[in-house]
Amino acid sequence: MQWETVIGLEVHLQLATHSKIFSGSPTTFGAEPNTQANAVDLGMPGMLPVLNEQAVRYAVMFGLGIEAEIGKRSVFDRKNYFYPDLPKGYQISQFQYPIVGRGHFEIQLEDGSTREIGITRAHLEEDAGKSLHEDFHGQSGIDLNRAGTPLLEIVSEPDIRSAAEAVAYLKALHSLVTYLGISDGNMAEGSMRCDINISLRPTGSDTLGTRAEIKNVNSFRFVEKAIHHEFERQADILEDGGKVVQETRLYDADRDETRSMRSKEVANDYRYFPEPDLLPVVIDDGYIEAIRSELPELPTDKRRRFMDQYGLGAYDAGVLVDNRELADYYEAVVAACGDAKIAANWVQVELLGQLNKNELEIGASPVSAEALGGLIQRILDNSISGKIAKQVFEAMWQGEGGADEIIEARGLKQVSDSGELEAMVDEVIAGSAAQVEQYLAADDAKRKKLVGYFVGQVMKLSKGQANPQMVNQLLAEKLK
Amino acid sequence: MHEKSVARLIAGLREKSFSSVELTRCYLDRIEALDGQYNSYISVDQNSALAAAEAADRQLAAGDASPLTGIPVAHKDIFCTAGMRTSCGSRMLDNFVPPYDATLIRRFNEQGAVILGKTNMDEFAMGSSNESSYYGAARNPWDTDRVPGGSSGGSAAAVAAGLAPAATGTDTGGSIRQPAAFCGITGLKPTYGRVSRLGMIAFASSLDQAGPMAHSAEDCALLLNAMAGQDPLDSTSSDQATEDYTARLGDSLEGLRIGLPKEYFGEGLEAATGERVDAALKQLEALGATLVEVSLPNSHLTIPTYYVIAPAEASTNLSRFDGVRYGHRCADPVDLHDLYTRTREEGFGDEVKRRILVGTYALSAGYYDAYYKKAQQVRRLIKQDFMACFEQADVLAGPTTPGPAFALGAKSDDPVSMYLEDVYTLAVNLAGLPGMSVPAGFVDDKPVGLQLIGRHFDEARLLNVAHQYQLATDWHLRQSPAMTGGAS
Chain Z
1 MQWETVIGLE VHLQLATHSK IFSGSPTTFG AEPNTQANAV DLGMPGMLPV LNEQAVRYAV
61 MFGLGIEAEI GKRSVFDRKN YFYPDLPKGY QISQFQYPIV GRGHFEIQLE DGSTREIGIT
121 RAHLEEDAGK SLHEDFHGQS GIDLNRAGTP LLEIVSEPDI RSAAEAVAYL KALHSLVTYL
181 GISDGNMAEG SMRCDINISL RPTGSDTLGT RAEIKNVNSF RFVEKAIHHE FERQADILED
241 GGKVVQETRL YDADRDETRS MRSKEVANDY RYFPEPDLLP VVIDDGYIEA IRSELPELPT
301 DKRRRFMDQY GLGAYDAGVL VDNRELADYY EAVVAACGDA KIAANWVQVE LLGQLNKNEL
361 EIGASPVSAE ALGGLIQRIL DNSISGKIAK QVFEAMWQGE GGADEIIEAR GLKQVSDSGE
421 LEAMVDEVIA GSAAQVEQYL AADDAKRKKL VGYFVGQVMK LSKGQANPQM VNQLLAEKLK
Chain Y
1 MHEKSVARLI AGLREKSFSS VELTRCYLDR IEALDGQYNS YISVDQNSAL AAAEAADRQL
61 AAGDASPLTG IPVAHKDIFC TAGMRTSCGS RMLDNFVPPY DATLIRRFNE QGAVILGKTN
121 MDEFAMGSSN ESSYYGAARN PWDTDRVPGG SSGGSAAAVA AGLAPAATGT DTGGSIRQPA
181 AFCGITGLKP TYGRVSRLGM IAFASSLDQA GPMAHSAEDC ALLLNAMAGQ DPLDSTSSDQ
241 ATEDYTARLG DSLEGLRIGL PKEYFGEGLE AATGERVDAA LKQLEALGAT LVEVSLPNSH
301 LTIPTYYVIA PAEASTNLSR FDGVRYGHRC ADPVDLHDLY TRTREEGFGD EVKRRILVGT
361 YALSAGYYDA YYKKAQQVRR LIKQDFMACF EQADVLAGPT TPGPAFALGA KSDDPVSMYL
421 EDVYTLAVNL AGLPGMSVPA GFVDDKPVGL QLIGRHFDEA RLLNVAHQYQ LATDWHLRQS
481 PAMTGGAS
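Protein chains in written order, with my numbering: chain Z, 1 to 480; chain Y, 1 to 488.
Since the hints were derived computationally from the structure, they do not count as laboratory data.
Across the chosen pairs, the derived CB separations fall in these ranges:
| id | chain 1 | residue 1 | chain 2 | residue 2 | range |
| --- | --- | --- | --- | --- | --- |
| 1 | Y | D94 | Z | E134 | 27 to 35 Å |
| 2 | Z | G286 | Y | D251 | 36 to 44 Å |
| 3 | Z | A188 | Y | A241 | 45 to 53 Å |
| 4 | Z | L109 | Y | A241 | 55 to 63 Å |
| 5 | Y | V334 | Z | A188 | 30 to 38 Å |
| 6 | Y | V334 | Z | E116 | 51 to 59 Å |
| 7 | Y | D94 | Z | N34 | 20 to 28 Å |
| 8 | Z | G118 | Y | S295 | 47 to 55 Å |
| 9 | Y | R325 | Z | G286 | 40 to 48 Å |
| 10 | Z | Q54 | Y | Y367 | 33 to 41 Å |
| 11 | Z | D111 | Y | K374 | 51 to 59 Å |
| 12 | Y | R257 | Z | N34 | 52 to 60 Å |
| 13 | Z | Q96 | Y | A241 | 32 to 40 Å |
Built from N, CA and C at the ideal position, the CB exists for glycine as well.
I would like the entire structure built from these sequences, with the hints used as guidance.
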């Protein structure tokens, strides 16, 4: 049977506030255990939460970014369960009245095509601490630095149909939240953690199958692998006539498998009820509109604009827009050189190639957008060929200076002097009697191929600096 | 000295009739000599009390004193005190020394008041007799075979026995007013949100409120001045402006409309107590007030509503006591489950466990709508009833309790009859209103209280009515045997 995969994702996004959601402790990553937890974070007796307004603002920014209904009156609830790294014995979360309601956004697949994915809701909550099991001689240690870090839990509709779409969704989400500046989106540090709800159904069916939830998958690659693996597991069960059990599973990256954590049938009863220590969060239109007016251009809009304004294809526009700084860089290159298509090529091929090779972020590029634009200008005004330009770029990357400086210092300026070129062309023709004969005997189609030999010889003679268009033109004239 | 009101002690300190050290010493000596009989304190730290008194004397001498500078105050052991054990009456926190002060404590400290000690209470404020305390029951200074009431029983007993001139308490369902009535003192539960809850160990967050307990309304006003006000660290504290709560004490009661909820005078109210309350109402009438009958038609739903909401909130408020970070931890836990279950089994007493169970049940999937949600709906109706009454009356009045203090042990095996003790006080918390208990006479030598209930943030009016009543009567001046006996 053909199976269709139905996937919904829950993403826990760490918001980039300076302090925690209900206390003044800092949220910096990587501090010594328990140095960033105060009496509130520790759940000390009599301590009370005070809501961080910045977290509310970030949640509203996200809501506007996905064109969602903003909860005008959202309510915090207590989610009750016992765990050593949950200091109060409950997590303050939002249950019935989340701050962000139904919304949607567009994802782009590898082939450049796009799809709309629905967002069910997004709500604010506090993170728990961490249990540490090493170096405690059979006991466990608790680090509460992370306890109280603001999270936005973003729940998608079951609109995702493949691992590739899931990854595209996460990339689009990453792009959106970093554009908004509400999270660093760093998966390795746990700023974006993903739970995958996945079920199968016969292709063409419109009822949902029983789902399994895979917890805490923390890289794009693992998301892809976990979904592939879970697809195989569920398909095997269904094809053997079995039933998928609704349960929570854990993805083990080392073994590349998912395994059962707990069955939902004996699931915790979280006993949600409104948090009496906090008032409902009331948001008025003025607050929302003030935030809306400050939103940056978002990835989807920017992608469309790049296609319209710069004549780029969907794929190229997608690559350039994915990262806000890269998009800004690209636009600065265009401004400097005036040719959007060549700029797109250079940014995607040469610049991204070097950045990836050196594992650098765009912000750390040794070649500025203006400098790259200057280099492209030299191609456009025929000072150098594209091939020479690559050499120059290499030198710029090494810090040898600007394009003009390097061209000058290395004497790379293209030979466009017709007298000089003519002499070279004559020299090559004179030394290639056999090839000339062959060329003259050939028909037009063959000549097009054979002329390459002469061009190559001239380029060789000029050390690559001859203007190829002019060489072609001269050859055409001389070989009549 | 120990017979004087706070108002007179303030004057005495300024007239240099005595120093804060002398005053503090007097109370510390009395506590040492007499508290064995009343068990009103859980912790007393003489050294820190005397050090605070010395500092207060310097402030007084320098002339930069606040009204309460040098005044000794006893605090219910529910308020966190930095460096001083805060047990909440529980074995769970027998070893707990907070590194921070509750906002209320900080405010008293900033005023230069002296912490005499931490008073006995029902465990986690759950009880109406002080018998659920891990430290044993406090005794009623009028009759040591009787309970002082609860949960702020230690604070009430300490004031009534002359072991503190004034005390703080907390009131979730009557825990200031009922012990005040039983011990013949004056107690005020302010409007919910009037006094910060930060550092006050939570029982039921939407009902808990701290307030003063003292001999007179005037003294309560002086204490409330120090306590009231918004706290940026308590989101539920109100931004409503505070006022000088002594300013309107002298206002006439002429034209005041006092509403008498008919449900508070029916079946269940003991006859002799009812007579005292009637006499008090006549006195208020004589002072110029008009009595009007009003009705709280949902009164009969008060107890079931309260006993869903309060335990529900308590059940999760008390989850943090898990043996992981502070407080009691069972010996040698074999695993996490063992750590949780034995720690909590050993650390909590029966009444606390009962309420955790009830509250957990009420919040459980499948029961939430029938219990917790329904209770919140009824709570709104109860509040609306009060709002309707306040269209006809400026304050409401009635008994604080159905009868005077009962004997130790009389109700400790019967939780429901214990819960009925609070039948007249619970609704005030559900509605978030301010309420007071004022001494209104005696039944067989045992004090009974008149309850006054005000509009939200109308504490000044309640204190005014109580003060005018106290100018015309002397019930609040009557001294318990403990007061007249014992050390100096």
